[in-house]
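**Student:** Both chains come to you apart, so use the hints to assemble them.
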Amino acid sequence: MEYHLRTPLEIEDIKKLNAGDIVYISGEILTARDEAHARILEMDEKQEELPFSLEGTVIYHCGPLMQQTEKGWKVISAGPTTSGRMSKMTPPLLRSHGIRAIIGKGGMKDVTDALKGKCVYLAYTGGCAALAAELIKEVKAVHWLDLGMPEAVWVLSVEEFGPLIVGIDAKGKDIFSEVREKAQEKFEKQK
Amino acid sequence: MPSKISRETFIQSIADLLRKAEIELPEDVVDALRKAETAEENSVAKSQLQAILKNIEIAKKHGVPMCQDTGIMIFFAEIGNEFQPSFDIEAAIREAVILATVKIPLRPNAVDPLSRKNSGNNIGTGIPDIHWKLVPGNHLKITVAPKGAGSENMSSLRMFNPTEIGNIKNFVLETVVNAGGMPCPPLTIGVGIGGSFDAAARLAKEALLEPLDTQMEGLEREILEAVNALGIGCMGLGGSTTVLAVHVKTAYCHTASLPVAVNIQCWANRHASIVFGGEE
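Line by line, the protein sequences give chains P and Y. Read in my numbering, the first sequence has 11 at position 11, and its numbers run on one by one without any break. With positions in the second sequence counted from 1, the corresponding number in my numbering is that position plus 191.
Chain Y extracted, bound-state conformation (with noise of 0.2 Å):
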């Protein structure tokens, strides 16, 4: 049966996706934040934290993006094997993002990575860039995740021994050390583990998405505690507060490899889902 969603509605659908994605934080991670804000005792870091708090006030009251760094535009789609659309959906998602960036506004932010000329309206070759699923199902979900630079230029990835699983801990601090207060902590930390070399980068990326209440486990919680007695604290400038969660993802792969990518999110740890069909 052929989705009875036009072409009109998903892409105003998606133009009001990203707006909230970029104007309004989920409640998980606004909640995470007021918890650290109460927590912290260094009072420049608390400073940096109630800026940050009053920020996503004004944000949410002008109805303006929260960062001016408005990012490149992440989309993951899972799409059920029995949803039909009747037109091209990632023109369509193409288009959205085009009236988003007039109507936001967002940042012009794409550019031609050798030339660095700006497209002018966030599209481009490979962007928006779009992460297909096939499920069982006959819904079609959307979640866009605007990254910013700071943090997604503090990433890594490594192609570790299989037998230097030990070193995994140490990578994703040595990494954090490294970013510093650049990537605006207190960050989130994705972790990718296993896979391929690309496999890794992606699953450390969706690892982002994942709730920031959910509970932490073994190895997450292990990064979690020793990153925040590095003490690099809100903003780089000290405190006990770098880190929100760290969430790891896991795959299988080749007996001989171990990727490891670690990919930073800032405290603006921006996504939003939106669903159009489904169960009748």
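Isolated chain P (complex conformation) (with noise of 0.2 Å):
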């Protein structure tokens, strides 16, 4: 199935993807990466109140690559970094917000519960940074700059952003480990 959704997204807009779907989104969507995600989990134990809101939002696993103009920042080129790294800070991230969709790349790991009910894991094709670059039609924001260009959290106005394919879906299949557990067993059947 193929579907095109728009943000901020509901619990039934993502109830019904299953893995393996493609999907396309529009709407906004905000950059986060491993110190972002530290940062985040680091306010939430003291209970500050972040500059952005996650209700509803999708969170791209992504360091772009920005270029400052006149005319404010320019998106040279925005690919998917590598979610594994992600994996453990996640579950806390989707337990205090209600993010509904993680555009990565490489899956993650034991994350299906934490997914579950809430949120779908899509995955974009890993260094096609330029095709993705002209998705993004405009750069709404920064937040926390001091983190470095790659880890700052960049608000970005997309258009039929993908194609994404549900890599892990919010009833529990994940694609990836799947493949991985069945690549597993052929190693060991091999040795």
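No wet-lab data here; the hints were simulated from the structure. Mixed in with the good hints, there may be bad ones.
Said to hold, decoys possible - As a list, the in silico BS3-like pairs of lysine-lysine whose alpha-carbon atoms are at most 25 Å apart: (1) Y/K245 to Y/K211; (2) Y/K308 to P/K74; (3) Y/K245 to P/K137; (4) P/K74 to Y/K211; (5) P/K189 to Y/K360; (6) P/K71 to Y/K294; (7) P/K116 to P/K16; (8) Y/K324 to Y/K195; (9) Y/K252 to P/K74; (10) Y/K294 to Y/K211; (11) Y/K237 to P/K182; (12) P/K140 to Y/K294; (13) P/K191 to Y/K360; (14) P/K182 to Y/K360; (15) P/K186 to Y/K237; (16) Y/K360 to P/K186; (17) Y/K211 to Y/K251; (18) P/K173 to Y/K237; (19) P/K46 to Y/K308; (20) P/K182 to P/K88; (21) P/K16 to P/K118; (22) Y/K211 to Y/K324; (23) P/K88 to P/K15; (24) Y/K251 to Y/K237; (25) P/K71 to Y/K252; (26) Y/K294 to P/K137; (27) Y/K308 to P/K88; (28) P/K74 to P/K137; (29) P/K109 to P/K16; (30) P/K74 to Y/K251; (31) Y/K294 to P/K74; (32) Y/K252 to P/K137; (33) Y/K252 to Y/K294; (34) Y/K251 to P/K137; (35) Y/K245 to P/K74; (36) Y/K245 to Y/K226; (37) P/K140 to P/K71; (38) Y/K252 to Y/K211.
**Tutor:** This is how it looks when you write it as structure tokens:
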């Protein structure tokens, strides 16, 4: 199945998605990777208010390459980063924020339970950063630039961002771990 | 005879070389990806390979880096013993990286390993990484290979016992299985066998620079077939294209050692070379 979704996302939007479906997203997405995840969790712990809302949002595991021009920030290249690095920080993030979709590459470990019933993991082709940049229409804001360009939180306006493959759906099906388990089995057999 | 090249021309040439490496893949790499797309039967994997080929086209058309992870700059410099530069080449290379960071632009990726502070210009202690080889002749050949973290992080090194030669293939397979889709397959795998702890890693990295259309033999072919039979596929979503090529480089080692390094490279096997001077 192919779906075209617009942000903010409702739980109903993502509950119907099945692993393997193709999704295109329009609206607003926020980049966040290692350092931004760590800072959000740190602020949550201290019960401090974030400078942006995560309700109904889409998080993009991406450290974009940006250029500052007279008209503001311009996206040069903005593909997904390895989601596996955010695996441990994702369940606590999902407990305290209504994030409805995570875009990244390579899949995540041990997050299916945390995603169940409220969030999906969408895979975007790794390295396809020039292609992604074409689908980003505007840089709406940037937070936490002190973390450096790749680690800052960039608020991006996107149009038909995709094709994204539903890698982990909200029902507990995870294509990446299925592929990995099968590969592991074949590896053990031929040893 | 001192080399005729001026410092300014050299810096501009190296900055141009970086631009080429970031925007355009070597033809043998693009060919291998095209062949993989044609051969792939898994529809999801095929769609991913098509996205990669489209991305390569767009990067070239717009003159932008194909991946936002523009990497850290790794240089291989081959200098002829008769090549006499009139300036500090390493300093000029560093200047070229700073220039390229602004002009191309490149993402500032270089950070202090402990404070994680980003230098902002891709320069820092030990970065860029420049490897020198002194050879006969009057030329200077510079190769740059920007290396992204996604694939580099999945690389591995193990010191085997000399009697464990039979375990080398499984070590490579284990490395690839653990990596899954994280290093952005289809991969190039460089395997360094022998040397010492650090020499094996160097061999593995140099193996990544081998043209992908060279004939693979023996262990290389054996590993390639075994990896592709695992079904990890493009981006780890399944399929038959996990690896485009496996290249093995060896060096003599201590009789009591068997170092093996596996350097993983994503589909964007970026590198470019330029030669200064030479025969007159």
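**Student:** Next, verify each hint and record whether it holds.
**Tutor:** Results of checking the hints against the structure:
The hinted pair formed by Y/K245 and Y/K211 meets the criterion: a straight-line CA distance of about 18 Å does not exceed 25 Å. Among the hinted pairs, Y/K308 with P/K74 is consistent with the structure: their alpha-carbon atoms are about 23 Å apart, no more than 25 Å. Taken as a hint, the Y/K245 and P/K137 pair is honoured in the structure, with Cα atoms around 19 Å apart against an allowance of 25 Å. As the CA atoms of P/K74 and Y/K211 are separated by approximately 21 Å, the hinted pair is consistent with the 25 Å bound.
Of the pairs offered as hints, the one joining P/K189 and Y/K360 holds, with about 14 Å between alpha carbons and a cut-off of 25 Å not exceeded. For the hint pairing P/K71 with Y/K294, the CA-to-CA distance comes to about 17 Å; that is within 25 Å, so the pair holds. Our distance criterion of 25 Å between C-alpha atoms is met by P/K116 and P/K16, whose separation comes to about 12 Å. Of the supplied pair hints, the one linking Y/K324 and Y/K195 holds, its CA atoms being roughly 21 Å apart against a limit of 25 Å.
Restraint check for Y/K252 and P/K74: satisfied, since their Cα atoms lie roughly 18 Å apart, inside the 25 Å limit. Taken as a hint, the Y/K294 and Y/K211 pair is honoured in the structure, with Cα atoms around 13 Å apart against an allowance of 25 Å. With a C-alpha separation of about 20 Å, the suggested pairing of Y/K237 with P/K182 holds against the 25 Å cut-off. The suggested pairing of P/K140 with Y/K294 holds, with an alpha-carbon distance near 24 Å, which does not exceed 25 Å.
Distance hint between P/K191 and Y/K360 is fulfilled; the C-alpha atoms sit about 9 Å from each other, no more than 25 Å. Between P/K182 and Y/K360, the direct Cα distance comes to roughly 19 Å. Compliance with the 25 Å bound is thereby established for this hinted pair. For the proposed pair P/K186 and Y/K237, the alpha carbon gap of about 22 Å is at most 25 Å, so the pair holds. Note on Y/K360 and P/K186: the hinted pairing holds, with a Cα-Cα distance of about 14 Å set against a maximum of 25 Å.
About 9 Å separates the Cα atoms of Y/K211 and Y/K251, which keeps this hinted pair within 25 Å; it holds. Taken as a hint, the P/K173 and Y/K237 pair is honoured in the structure, with Cα atoms around 21 Å apart against an allowance of 25 Å. A C-alpha spacing of about 24 Å is found between P/K46 and Y/K308, which places the hinted pair at or below 25 Å, so the restraint holds. For the given pair, P/K182 sits about 23 Å from P/K88 by alpha-carbon distance, which is consistent with the 25 Å threshold.
Proximity of P/K16 to P/K118 is assessed by CA-CA distance (about 11 Å); at most 25 Å being required, the pair is judged to hold. A hinted pair counts as satisfied when its Cα atoms are at most 25 Å apart, and Y/K211 with Y/K324 qualifies at roughly 23 Å. A C-alpha spacing of about 23 Å is found between P/K88 and P/K15, which places the hinted pair at or below 25 Å, so the restraint holds. Of the supplied pair hints, the one linking Y/K251 and Y/K237 holds, its CA atoms being roughly 21 Å apart against a limit of 25 Å.
Our distance criterion of 25 Å between C-alpha atoms is met by P/K71 and Y/K252, whose separation comes to about 23 Å. Restraint check for Y/K294 and P/K137: the C-alpha separation of about 22 Å stays at or below 25 Å, so the hint holds. At most 25 Å may separate the alpha-carbon atoms for a hinted pair to count; Y/K308 and P/K88 meet this at roughly 23 Å. About 9 Å separates the Cα atoms of P/K74 and P/K137, which keeps this hinted pair within 25 Å; it holds.
For the hint pairing P/K109 with P/K16, the CA-to-CA distance comes to about 22 Å; that is within 25 Å, so the pair holds. Restraint check: the Cα-Cα separation between P/K74 and Y/K251 comes to about 18 Å, which is no more than 25 Å; the hinted pair holds. For a cut-off of 25 Å, the pair hint linking Y/K294 to P/K74 stands: about 14 Å separates their Cα positions. Simply put, Y/K252 and P/K137 have alpha-carbon atoms about 18 Å apart, close enough for the 25 Å limit, and the pair holds.
The hinted pair formed by Y/K252 and Y/K294 meets the criterion: a straight-line CA distance of about 17 Å does not exceed 25 Å. With a C-alpha separation of about 20 Å, the suggested pair Y/K251 and P/K137 falls inside the 25 Å cut-off, and the hint holds. A hinted pair counts as satisfied when its Cα atoms are at most 25 Å apart, and Y/K245 with P/K74 qualifies at roughly 21 Å. Between the alpha carbons of Y/K245 and Y/K226 the distance comes to roughly 14 Å, so the proposed pair stays at or under 25 Å and holds.
Annotation: proposed proximity of P/K140 to P/K71 holds, straight-line Cα distance about 12 Å (limit 25 Å). A threshold of 25 Å between alpha carbons decides the hint, and for Y/K252 with Y/K211 the separation of about 13 Å falls inside it, so the pair holds.
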